[in-house]
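Place chains B and C on chain A using the hints.
Protein chains in written order, with full-length UniProt numbering: chain A, 1 to 303; chain B, 1 to 303; chain C, 1 to 303.
Please keep in mind that the hints were generated in silico from the structure rather than gathered at the bench.
Please note that the accuracy of each hint is not assured.
One copy or any two copies: either way a pair holds, since identical chains are not told apart in the list.
In the SDA-like style, the derived pairs of lysine to any residue whose C-alpha atoms are separated by at most 20 Å in a straight line are [unchecked claim]: (1) Lys192 x Leu47; (2) Lys123 x Leu245; (3) Lys192 x Asp46; (4) Lys235 x Val124; (5) Lys185 x Asp46; (6) Lys286 x Gly207; (7) Lys283 x Val87; (8) Lys185 x Val87; (9) Lys185 x Tyr263; (10) Lys231 x Thr126; (11) Lys54 x Arg194; (12) Lys138 x Glu212; (13) Lys192 x Tyr263; (14) Lys117 x Thr60; (15) Lys301 x Thr60; (16) Lys235 x Leu245; (17) Lys123 x Ile233; (18) Lys185 x Ser32; (19) Lys185 x Gln195; (20) Lys117 x Gly207; (21) Lys235 x Phe134; (22) Lys123 x Arg226; (23) Lys21 x Asp57; (24) Lys185 x Asn45; (25) Lys192 x His43; (26) Lys185 x Gln78; (27) Lys185 x Leu47.
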Amino acid sequence: MELLKELCEIHAPSGNEVLLKNFLIDYVKTHSANWKVQPEIIHGNDLQDCLILKFGDPRTAVFAHMDSIGFTVRYENQLVPIGGPDVKSGYELIGEDVLGPIECKLEVNDENQLSYKFGRPIKVGTELIFKCNFRETKDYIQSCYLDNRLGIYNTLQLTETLEDGLIVFSCWEEHGGGSVPFLIKYIHENYKIRQALISDITWITDGVKHGEGVVISMRDRNIPRRAFIEKIISKAQSSQIPFQLEVEGSGSSDGREIQLSPYPIDWCFIGAPEDHVHSPNEKVHKQDINAMISLYKILMKEL
Amino acid sequence: MELLKELCEIHAPSGNEVLLKNFLIDYVKTHSANWKVQPEIIHGNDLQDCLILKFGDPRTAVFAHMDSIGFTVRYENQLVPIGGPDVKSGYELIGEDVLGPIECKLEVNDENQLSYKFGRPIKVGTELIFKCNFRETKDYIQSCYLDNRLGIYNTLQLTETLEDGLIVFSCWEEHGGGSVPFLIKYIHENYKIRQALISDITWITDGVKHGEGVVISMRDRNIPRRAFIEKIISKAQSSQIPFQLEVEGSGSSDGREIQLSPYPIDWCFIGAPEDHVHSPNEKVHKQDINAMISLYKILMKEL
Amino acid sequence: MELLKELCEIHAPSGNEVLLKNFLIDYVKTHSANWKVQPEIIHGNDLQDCLILKFGDPRTAVFAHMDSIGFTVRYENQLVPIGGPDVKSGYELIGEDVLGPIECKLEVNDENQLSYKFGRPIKVGTELIFKCNFRETKDYIQSCYLDNRLGIYNTLQLTETLEDGLIVFSCWEEHGGGSVPFLIKYIHENYKIRQALISDITWITDGVKHGEGVVISMRDRNIPRRAFIEKIISKAQSSQIPFQLEVEGSGSSDGREIQLSPYPIDWCFIGAPEDHVHSPNEKVHKQDINAMISLYKILMKEL
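Next comes chain A alone, as it looks inside the complex (with noise of 0.2 Å):
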């Protein structure tokens, strides 16, 4: 898990997500040697700070969003949420402006507005970031931002089999969005993709538990394509590798903006639920994580 802890580390609220994309970039580079096939690492202008890997002739894409929550510094002490995060007084928060690295804490009044305290006024428009504090049982992985960093293991366990697929490294995803509406447009065009997992972080809830495996979304706030949804559920019963079905009528991910895209592309939810969502102490399940991972080695080879 040194790698999950490392990548839980990096500096990358919505909007900012370079020092992940150049980690990804240097990931592939020393590790592709021995991966069953070489992938293309397709970066660049076209893309702002987004990643694709192409590997051989691709029918689905993985998707799995680089960026995380976090706050921007307002006026005075105030402070603006990245995305939703889970807001506690306390919650130890990171960052850098010019005067230098900091380490300060989160301030939250009776009135729900948020502040940090430190020593200094901090430069306006900087980025804090939940402090890591990366911890590891038998059974738990507990952490800030495994949502997503997870869903980017995930894809990074996939690399060393994959034979056929692309994965993509999307941003924003935490923050309206504005990245998977041109890589739709790039995958499509370029490779007829028509078919796209999303591999992200769920919440547990009344029917979706820790320890009970992977969760297949049947719908969160968008309703995917039944037809594709009965495809991967059967799949995945004949797998034998442990799932959950969910059914949710809030939450959203990556895969609303495929739903809202020009191009016909089906899409599902697949990932590891979690408890303490947004929050420094995001918790999921070693069991769960793997049956992520096997699911995903499977849907990759037969779709």
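Just chains B and C now, kept in the frame of chain A:
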């Protein structure tokens, strides 16, 4: 009205419109021999579960959404809405899962949480829709899903004499959209379409009444381009067909996704008004249906 | 400021921007002889009521929305807002219907319902806008619709010396958008544009003040790509032009639709701040207007 009744009974909640699509393809194949122009039937992978009928040399597209509101079975006996259904304890719901056909009752508790009452648990992810009770009197039609099976019925009346035009059957309109973007792309890139009419059902309000004619909507949540609306109103005026003007601040339709698409396509919502919206008792005046059909026939010729 | 006054008086609520478009075309035709570069005037069916001026070999596009907030007449004496106007009983509204010109008063009741007071019924669907009362003092300009006639005024000051660039006049910004998607498609596919500046007006807040310079927005409801914002801030710093940084969690602009478009285009909102937003008394400091014009001149050269 036998055809309308049949349409109202088809299971096609947002995301699973395939049965209605197949019904329509079958209808066209068995009826089109007598039509003035034989349409091209366009469907397949590039359109997911959508369907386009192409008549002659099209200048204008009519959009009619196939999907309906409904409910998805969550965990325990909970339900999550598909779109925005009217909810009242006792409404009869139907569906089917692996254990067989389902006929159950909707329950709404004090906190507005939805559940079903049935003799056995229903499989997670199963879709339930209103049980159809189709009623016809001298003046009125009443049934669930007049929104938008009546909009589809309207287009099927057009087909007999239509010479030039597209009829576009869309998905997901009741639940966030997602098919109009690729449909618009397809029809603009292939046929340079710049005009769209939304064949859908609107609401009885303090300014829109039963029996006073088809409604031309000047705006709802979205505001279409003034010049196009005025052209349509002027054609309606010279047609002598009874019509009403609608001005609303809320409500939406497939027009919204046309408005937001990257293609310069004008649109206007034109449809009969109904009472008891999104309930099992949607009610429309027959004269308004006739006016709707008459106005579409003229507009498809003259626009 | 005579030009700005003229701009503020033009009837162009969202959806009906054609008078302002015609004014701008006329302005370019009568003034461009003296400009350094003669722009190509691009408009017509492919752009609905939008307008593009193309200077030389463009790398950056400036977006300025033409539309304003206002009101649509509903049934009886009711009004429905266009965009988000400030509402107070007594505000003077003007418009025109088949019976002639209208000058009436806005009424707001205890339940925040809007109506007009006028000697006769106004035709359903008629648009009303604020009556313009343009005021100029030594330091300030005050009028309705400085948002965004001042953004347009800014672009018209650029035209005189602009060598390479696009000026894009958009529609519907105040009411849900809908023209930026096809404008973006057009300018990216034709000119490979990757950079956009939003010439629009922002708000006076506890961190943004009158007379302290043009505002560079680091974020509002949307978060632009960090790398682009930092490039602009660095150019502003070396320019010596007074500027202020904005960090907000709400508010939006044409930048939002650029963010969500399927083209990899960076954007930044740059504009003077105003008080009394969306009221008949919008107020902007003249020094901030001058700073805005100066910064745009430099950015259009250096970006």
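Going down the list of hints, with the structure as the test:
1. Proximity of Lys192 to Leu47 under the C-alpha cut-off of 20 Å is found in both arrangements, the shortest distances being 18 Å within a copy and 13 Å between copies.
2. Taking CA atoms no more than 20 Å apart as the test, Lys123 paired with Leu245 passes between copies only; the shortest distance there is 10 Å, against 45 Å inside one copy.
3. In this assembly of identical chains, Lys192 and Asp46 lie within 20 Å of each other by CA distance both inside one copy and across copies; the values are 18 Å within and 10 Å between.
4. In this homomeric assembly, Lys235 and Val124 come within 20 Å of each other (Cα to Cα) only across copies, at 17 Å, whereas the closest approach inside a single copy is 50 Å.
5. In the homo-oligomer, the alpha carbons of Lys185 and Asp46 lie at most 20 Å apart both inside one protomer (11 Å) and across protomers (14 Å), since each shortest distance falls under that limit.
6. With identical chains, the CA atoms of Lys286 and Gly207 are at most 20 Å apart within one copy only, with a shortest distance of 19 Å there and 46 Å across copies.
7. Within a single copy, Lys283 and Val87 get their C-alpha atoms as close as 17 Å, which meets the 20 Å cut-off; across copies the closest is 37 Å, which misses it.
8. Proximity of Lys185 to Val87 under the C-alpha cut-off of 20 Å is found in neither arrangement, the shortest distances being 36 Å within a copy and 39 Å between copies.
9. For a Cα distance limit of 20 Å, the shortest separation of Lys185 from Tyr263 qualifies both inside one copy, at 7 Å, and across copies, at 8 Å.
10. For the homomeric pair Lys231 and Thr126, the shortest alpha-carbon distance between copies (15 Å) is at most 20 Å, but the shortest distance inside one copy (45 Å) is not.
11. Within a single copy, Lys54 and Arg194 get their C-alpha atoms as close as 15 Å, which meets the 20 Å cut-off; across copies the closest is 24 Å, which misses it.
12. In this assembly of identical chains, the alpha carbons of Lys138 and Glu212 lie at most 20 Å apart only when taken from the same copy (16 Å versus 58 Å across copies).
13. In this homomeric assembly, Lys192 and Tyr263 come within 20 Å of each other (Cα to Cα) both inside a single copy, at 10 Å, and across copies, at 18 Å.
14. For the homomeric pair Lys117 and Thr60, neither the shortest alpha-carbon distance inside one copy (46 Å) nor that between copies (40 Å) is at most 20 Å.
15. Only within a single protomer do Lys301 and Thr60 lie at most 20 Å apart by alpha-carbon distance; the minimum there is 9 Å, versus 43 Å between protomers.
16. In this assembly of identical chains, the alpha carbons of Lys235 and Leu245 lie at most 20 Å apart only when taken from the same copy (13 Å versus 52 Å across copies).
17. In this assembly of identical chains, Lys123 and Ile233 lie within 20 Å of each other by CA distance solely across copies; the values are 13 Å between and 50 Å within a copy.
18. In the homo-oligomer, the alpha carbons of Lys185 and Ser32 never lie at most 20 Å apart, since the shortest distance is 27 Å inside one protomer and 37 Å across protomers.
19. Taking the shortest Cα distances, Lys185 and Gln195 sit within 20 Å of each other both inside one copy (13 Å) and across copies (19 Å).
20. In the homo-oligomer, the alpha carbons of Lys117 and Gly207 lie at most 20 Å apart only across protomers (19 Å), although the nearest pairing inside one protomer, at 39 Å, exceeds that limit.
21. In the homo-oligomer, the alpha carbons of Lys235 and Phe134 never lie at most 20 Å apart, since the shortest distance is 34 Å inside one protomer and 40 Å across protomers.
22. Proximity of Lys123 and Arg226 under a CA criterion of 20 Å is satisfied inter-copy only: 15 Å between copies versus 49 Å inside one chain copy.
23. Taking CA atoms no more than 20 Å apart as the test, Lys21 paired with Asp57 passes in neither setting, with 23 Å inside one copy and 32 Å between copies.
24. Taking identical chains as interchangeable, the C-alpha atoms of Lys185 and Asn45 lie at most 20 Å apart whether they share a chain (15 Å) or sit on different chains (17 Å).
25. When the C-alpha separation of Lys192 and His43 is checked against a cutoff of 20 Å, the pair qualifies both within a copy, at 19 Å, and between copies, at 17 Å.
26. Proximity of Lys185 and Gln78 under a CA criterion of 20 Å is satisfied in neither setting, with 38 Å inside one chain copy and 38 Å between copies.
27. Taking identical chains as interchangeable, the C-alpha atoms of Lys185 and Leu47 lie at most 20 Å apart whether they share a chain (11 Å) or sit on different chains (16 Å).
Checked against the numbered hints above, the structure breaks hints 8, 14, 18, 21, 23, 26 and satisfies the rest.
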